[in-house]
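Protein chains: 2
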Amino acid sequence: MNEKALYTLNYGVYIVSTKSKDKLNGQIANVVFQITAEPPKVAVCLNKKNLTHALVVESKIFNVSVLAECCTMKLIGNFGFKSGRDIDKFKDYDYIIGKNGAPIATDSAVAYLECEIESKMDVGSHTLFVGKVTEGNLLKEDAPMTYSYYHMELKGREPETAPTYRKKQ
Amino acid sequence: MNEKALYTLNYGVYIVSTKSKDKLNGQIANVVFQITAEPPKVAVCLNKKNLTHALVVESKIFNVSVLAECCTMKLIGNFGFKSGRDIDKFKDYDYIIGKNGAPIATDSAVAYLECEIESKMDVGSHTLFVGKVTEGNLLKEDAPMTYSYYHMELKGREPETAPTYRKKQ
Numbered sequence: 001m002n003e004k005a006l007y008t009l010n011y012g013v014y015i016v017s018t019k020s021k022d023k024l025n026g027q028i029a030n031v032v033f034q035i036t037a038e039p040p041k042v043a044v045c046l047n048k049k050n051l052t053h054a055l056v057v058e059s060k061i062f063n064v065s066v067l068a069e070c071c072t073m074k075l076i077g078n079f080g081f082k083s084g085r086d087i088d089k090f091k092d093y094d095y096i097i098g099k100n101g102a103p104i105a106t107d108s109a110v111a112y113l114e115c116e117i118e119s120k121m122d123v124g125s126h127t128l129f130v131g132k133v134t135e136g137n138l139l140k141e142d143a144p145m146t147y148s149y150y151h152m153e154l155k156g157r158e159p160e161t162a163p164t165y166r167k168k169q
Numbered sequence: 001m002n003e004k005a006l007y008t009l010n011y012g013v014y015i016v017s018t019k020s021k022d023k024l025n026g027q028i029a030n031v032v033f034q035i036t037a038e039p040p041k042v043a044v045c046l047n048k049k050n051l052t053h054a055l056v057v058e059s060k061i062f063n064v065s066v067l068a069e070c071c072t073m074k075l076i077g078n079f080g081f082k083s084g085r086d087i088d089k090f091k092d093y094d095y096i097i098g099k100n101g102a103p104i105a106t107d108s109a110v111a112y113l114e115c116e117i118e119s120k121m122d123v124g125s126h127t128l129f130v131g132k133v134t135e136g137n138l139l140k141e142d143a144p145m146t147y148s149y150y151h152m153e154l155k156g157r158e159p160e161t162a163p164t165y166r167k168k169q
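From first to last, the protein sequence lines stand for chains C and G. Here the first sequence stands for residues 1 to 169, where the numbers follow my numbering. Here the second sequence stands for residues 1 to 169, where the numbers follow my numbering.
Keep in mind the hints are simulated off the structure, nothing from the lab. Check before you lean on any hint, since a few could be wrong.
[Unchecked claim] BS3-like cross-link-like pairs, simulated, lysine-lysine; straight-line CA separation at most 25 Å:
| id | chain 1 | residue 1 | chain 2 | residue 2 |
| --- | --- | --- | --- | --- |
| 1 | G | Lys49 | C | Lys132 |
| 2 | G | Lys4 | G | Lys21 |
| 3 | C | Lys140 | G | Lys167 |
| 4 | C | Lys82 | C | Lys132 |
| 5 | C | Lys167 | G | Lys140 |
| 6 | C | Lys155 | G | Lys21 |
| 7 | G | Lys132 | C | Lys48 |
| 8 | G | Lys21 | G | Lys132 |
| 9 | C | Lys4 | G | Lys132 |
| 10 | C | Lys120 | G | Lys49 |
| 11 | C | Lys140 | G | Lys155 |
| 12 | G | Lys120 | C | Lys120 |
| 13 | G | Lys23 | G | Lys4 |
[To be verified] Over the 12 Å line for every Cβ pair with chain C, so calculated as not near, a few chain G residues:
| id | residue |
| --- | --- |
| 14 | Lys21 |
| 15 | Glu38 |
| 16 | Val57 |
| 17 | Leu75 |
| 18 | Lys82 |
| 19 | Gly84 |
| 20 | Arg85 |
| 21 | Asp88 |
| 22 | Phe90 |
| 23 | Gly101 |
| 24 | Leu154 |
| 25 | Gly156 |
As the structure is a computational prediction, the values presented were derived from the model and not from experiment. Beta carbons are placed, not taken as given, at the ideal position from N, Cα and C, and that holds for glycine.
Given only the sequences and the hints, what does the whole structure look like? Please build it.
Now the structure itself:
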């Protein structure tokens with residue numbers, strides 16, 4: 001198989017966030033998809049090693065912030081390449097608390113969704129969480145970042161825990 | 001909830017195809033995403049009403065063609081707005097037969113993947129099928145079509161059976 005065939009699939013760039021007990025956390029994710037229209041449901045794919053995964057399992061809620069093209073690599077570095085086990089990821093970034101009580105990253109975000117987990121599926125290294133969308137709104141007018149923009153324009157990479165991790169060529 | 005928040009999520013535009021007994025069929029899908037890197041697995045979301053859904057359940061295999069921006073509305077109309085119960089969708093379009101025996105649409109496709117179903121999840125109106133990627137390659141150099149390009153540039157819409165169906169404003 002030519003792995004490059006997988007690189008032609010399209011994604012956005014998102015922050016998936018949650019809160020369990022007093023711990024707020026969030027991570028960069030690219031696998032966030034609407035899977036039904038009536039009622040609106042969204043699936044997200046998280047690595048079992050990530051703190052956000054553990055907290056989502058506990059809290060049964062998650063929020064999604066849709067990142068804009070104007071988003072900085074610093075923000076992506078903070079949420080995507082550091083662990084909430086070591087730092088408070090929201091310390092230097094704007095957020096609001098959703099109706100479900102979990103944080104929503106608003107820095108460089110064009111929209112957000114609040115979700116309640118309805119079911120989940122173990123797919124090996126990752127879990128697919130399916131959530132009913134309970135709330136959502138637009139935040140600012142800007143182009144949502146695509147995964148190809150992140151790779152081609154920002155020369156971004158992904159951590160090894162990403163579902164779409166690309167081995168170095 | 002403001003439904004427009006859902007419209008900011010990013011997708012590609014794909015043909016998901018399969019073969020059961022002697023029937024070849026395929027449909028347009030936008031929810032196709034890689035969910036693990038080791039081994040590479042892909043999830044697709046299909047409406048239970050669609051013939052492709054029934055055939056994928058029977059055959060336990062599916063292929064994905066990643067459509068290019070140059071793809072015509074005629075091709076999208078053929079695979080996305082007609083039913084394989086009424087017509088032979090592959091009649092007027094190029095395809096090859098994959099190693100798994102199912103057709104791969106090659107007209108206006110930049111890449112393809114062949115998948116074997118490993119598990120599935122009932123999410124209401126749709127089923128999420130998880131497939132192990134058994135084969136894949138690039139087909140032509142062109143930009144993969146994004147869902148926002150389809151909406152904004154081609155003024156495309158989706159059938160009511162789409163997981164991301166947008167009600168008329």
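According to the definition I'm using, a residue is off the interface if its beta carbon is farther than 12 Å from all beta carbons of the partner; does Lys82 (chain G) meet that for chain C? holds (20 Å)
Run the C-beta distances from Leu154 (chain G) to all of chain C and say if the shortest one exceeds 12 Å. Consistent with the label, Leu154 (chain G) stays out of reach of chain C, its closest Cβ about 15 Å off (over 12 Å).
Tell me if the straight-line CA distance from Lys140 (chain C) to Lys155 (chain G) falls inside 25 Å. Holds: Lys140 (chain C) and Lys155 (chain G) sit about 23 Å apart, inside 25 Å.
Assess, step by step, whether the Cα of Lys167 (chain C) is no farther than 25 Å from the Cα of Lys140 (chain G), and give holds or violated. holds (22 Å)
Does Leu75 (chain G) clear chain C by more than 12 Å, comparing its Cβ with all Cβ atoms of that chain? holds (17 Å)
Restraint check for Lys23 (chain G) with Lys4 (chain G), where alpha carbons must lie at most 25 Å apart: Since the Cα atoms of Lys23 (chain G) and Lys4 (chain G) sit roughly 38 Å apart, the hinted pair is violated (cutoff 25 Å).
Holds or violated: Lys4 (chain G) to Lys21 (chain G), with C-alpha atoms at most 25 Å apart: violated (41 Å)
Over 12 Å from every CB of chain C: does Gly101 (chain G) meet that, or does the non-interface label fail? Gly101 (chain G) is indeed farther than 12 Å from all Cβ atoms of chain C, at 17 Å.
Satisfaction of hint between Lys132 (chain C) and Lys49 (chain G), Cα-Cα up to 25 Å: holds (21 Å)
Is Lys82 (chain C) within 25 Å of Lys132 (chain C), Cα to Cα? Violated. Lys82 (chain C) to Lys132 (chain C) sits at ~28 Å, over the 25 Å cutoff.
Does the no-contact call for Phe90 (chain G) survive, Cβ to all of chain C over 12 Å? holds (21 Å)
Distal placement of Gly156 (chain G) relative to chain C, Cβ over 12 Å: holds (15 Å)
Against the hints set out earlier in the document, violations occur for numbers 2, 4, 6, 13 and 15.
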